[in-house]
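Top line first, the protein sequences correspond to chains Z and U. So the mapping is simple: my numbering equals the position in the first sequence, first residue as 1, plus 197. So the mapping is simple: my numbering equals the position in the second sequence, first residue as 1, plus 197.
Bear in mind the hints are in silico, worked out from the structure with no lab data behind them. None of the values given here were measured: they were computed from a predicted structure. Do not rely on the hints blindly, as some may be mistaken.
Copies of the same chain are indistinguishable here, so a pair counts whether it falls within one copy or spans any two.
[Claimed, not checked] Below are the SDA-like pairs computed for lysine to any residue, each with C-alpha atoms no more than 25 Å apart in a straight line:
1. Lys280 to Asp243
2. Lys280 to Ala453
3. Lys201 to Ser394
4. Lys211 to Asp368
5. Lys201 to Asp285
6. Lys211 to Pro403
7. Lys280 to Thr315
8. Lys211 to Gly433
9. Lys201 to Glu450
10. Lys201 to Gly404
11. Lys211 to Pro234
12. Lys280 to Ile229
13. Lys280 to Arg390
14. Lys211 to Asp459
There are 2 protein chains.
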Amino acid sequence: MDEKIALIEAGGTKFIVGVGDASRRIHARTRIDTTRPEETIPAAIDWLRAQGGGYTAVGIASFGPLDLDPASATWGHITRTAKPHWSDADVAGPFARAFDCPVAIDTDVNGAALAEWTWGAGEGANSALYLTVGTGVGGGAVVGGRLIHGLSHPEMGHIRMPRHPDDAGFDGHCPFHGDCLEGLAAGPSIIARWGASLSDLPGGHPGHEIIAWYLAQAALSFQAILSPSRMIFGGGVMETQGLLDRVRARTAEAGAGYFVGDPAEVIVAPALGHDAGLLGALALALRLS
Amino acid sequence: MDEKIALIEAGGTKFIVGVGDASRRIHARTRIDTTRPEETIPAAIDWLRAQGGGYTAVGIASFGPLDLDPASATWGHITRTAKPHWSDADVAGPFARAFDCPVAIDTDVNGAALAEWTWGAGEGANSALYLTVGTGVGGGAVVGGRLIHGLSHPEMGHIRMPRHPDDAGFDGHCPFHGDCLEGLAAGPSIIARWGASLSDLPGGHPGHEIIAWYLAQAALSFQAILSPSRMIFGGGVMETQGLLDRVRARTAEAGAGYFVGDPAEVIVAPALGHDAGLLGALALALRLS
């Protein structure tokens, strides 16, 4: 093992912490409940120390929003979040001080996008977008070999959307924007409308078509702006049987042959499974060298 | 003059052809009507030869869609277009053969995005998006110092859009997608609804608010996907008095403070004026070295 890399998948309900190396192996991992920063982060550091220390780098794939401006005094901090106790929390700093080595931090979805592009469903593609559809909707993309950043990281769940004609009565569930993608297609919006998760709705329920249609509109906007070689759609909602194929079909219909790339080939499921979060942290850390 | 660069702004109604250098100067230019490829392209080559030849590079900023895959046998060709005679036309090849030097080709809007980022309204920004709103809507973006490409170039005019409540009766004017951004906000859609261009509608006409609202929805989707430091909105429709300020205001309202960046600073007018097309070709050519 040439390098020993500390890995943190920082989620809103749990931190997964692990030890990896440059050969994509993960040697150990644990789970720590996300409570308060002053409890959760030291617990992660303690566990990493118990694995022997000696880390050459730390990779963190975190919930957000994050300050990722390298020139900022609050680089590596969470900015404002609805999650209690975590607004303005310094996530990267404690690990940098504890292990005295470079720290890479980015959003969990940027980590997943980079990992899927490096080792998974986007491997070999000239560009890849990763979208997770679950409790929220988030996404990241690798273009020209690099993750997209601008003033901040993407917030792909908040793109604007047309309205499905059979869904006109619903206000949308995003506390910021109402009927953005997340407000119309994330898990809580499905439960708010139909009282069950998409996978629990019967096969003939109109919710299946409506959610697939929204995700297809999102895919079309992604094609129009990024023309990605792969669009990797993951997350709990995407595990609904038949949904991926429905999204492909609706994207092909609505695109009307205008965009380059057959949606049946471009839109794919993730390939990295349950290790995607830690592998995202690893992919971010390997970018440091 | 260290380099002599042949510049072509290939538009659907006219080709502007010029001679430039690496110091951003344009020394000569002419206009050639766009008729058929076998007439227009040789006329451009003849004019360039009459300027003395000896070009070190050719830059072409062209209408599209274009095949920009370097591995493709039809790289530098227009693909399918509604413009008669130009489907499958080889645009780059004749210039490469005539002047025996490297040829850079990209879309006109990618050229404009690169030129505005290099010398204009996006200078110094870490990322910049350029959108033109005119007879059509098109856009390009520089992220991480490079133009976005994927399977193909962006087609930003065709992102999906929510519908303004006072515009529900309009089907949209895009022949491919109906009510995409171009179908709802390009010049012909304005004339189709209200019988005049936006700048000719009286100040209190609801069209002003409706078009600003659509462009704000587009700006929000761009922020969500790219988080650009600058969004440069140009084209004939954007010359309507007060429109840019309206777009800024609607973007700020609908964004609800969620995205990083104040729309009043992020959304700006182009800075390169009438030379933007040729400067786009020049910026593309300078990327060859």
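A quick look at each hint next to the structure:
1. Taking the shortest Cα distances, Lys280 and Asp243 sit within 25 Å of each other inside one copy (24 Å), while across copies they are farther apart (66 Å).
2. In this assembly of identical chains, Lys280 and Ala453 lie within 25 Å of each other by CA distance solely across copies; the values are 18 Å between and 41 Å within a copy.
3. For a Cα distance limit of 25 Å, the shortest separation of Lys201 from Ser394 qualifies neither inside one copy, at 40 Å, nor across copies, at 63 Å.
4. Taking identical chains as interchangeable, the C-alpha atoms of Lys211 and Asp368 are never at most 25 Å apart, the minima being 31 Å within one chain and 47 Å between chains.
5. Taking identical chains as interchangeable, the C-alpha atoms of Lys201 and Asp285 are never at most 25 Å apart, the minima being 29 Å within one chain and 53 Å between chains.
6. For the homomeric pair Lys211 and Pro403, neither the shortest alpha-carbon distance inside one copy (34 Å) nor that between copies (50 Å) is at most 25 Å.
7. Proximity of Lys280 to Thr315 under the C-alpha cut-off of 25 Å is found in neither arrangement, the shortest distances being 31 Å within a copy and 40 Å between copies.
8. In this assembly of identical chains, Lys211 and Gly433 lie within 25 Å of each other by CA distance solely inside one copy; the values are 16 Å within and 51 Å between copies.
9. When the C-alpha separation of Lys201 and Glu450 is checked against a cutoff of 25 Å, the pair qualifies neither within a copy, at 48 Å, nor between copies, at 47 Å.
10. When the C-alpha separation of Lys201 and Gly404 is checked against a cutoff of 25 Å, the pair qualifies neither within a copy, at 46 Å, nor between copies, at 61 Å.
11. In the homo-oligomer, the alpha carbons of Lys211 and Pro234 lie at most 25 Å apart inside one protomer (12 Å), although the nearest pairing across protomers, at 61 Å, exceeds that limit.
12. Taking the closest pair of Cα atoms, Lys280 and Ile229 come within 25 Å of each other only inside a single copy of the chain (17 Å); across copies the shortest separation is 61 Å, beyond that limit.
13. In this assembly of identical chains, the alpha carbons of Lys280 and Arg390 lie at most 25 Å apart only when taken from the same copy (24 Å versus 46 Å across copies).
14. With identical chains, the CA atoms of Lys211 and Asp459 are never at most 25 Å apart, being 37 Å at best within one copy and 33 Å at best between copies.
When held up to the earlier numbered hints, the structure conflicts with 3, 4, 5, 6, 7, 9, 10, 14 and fits the remainder.
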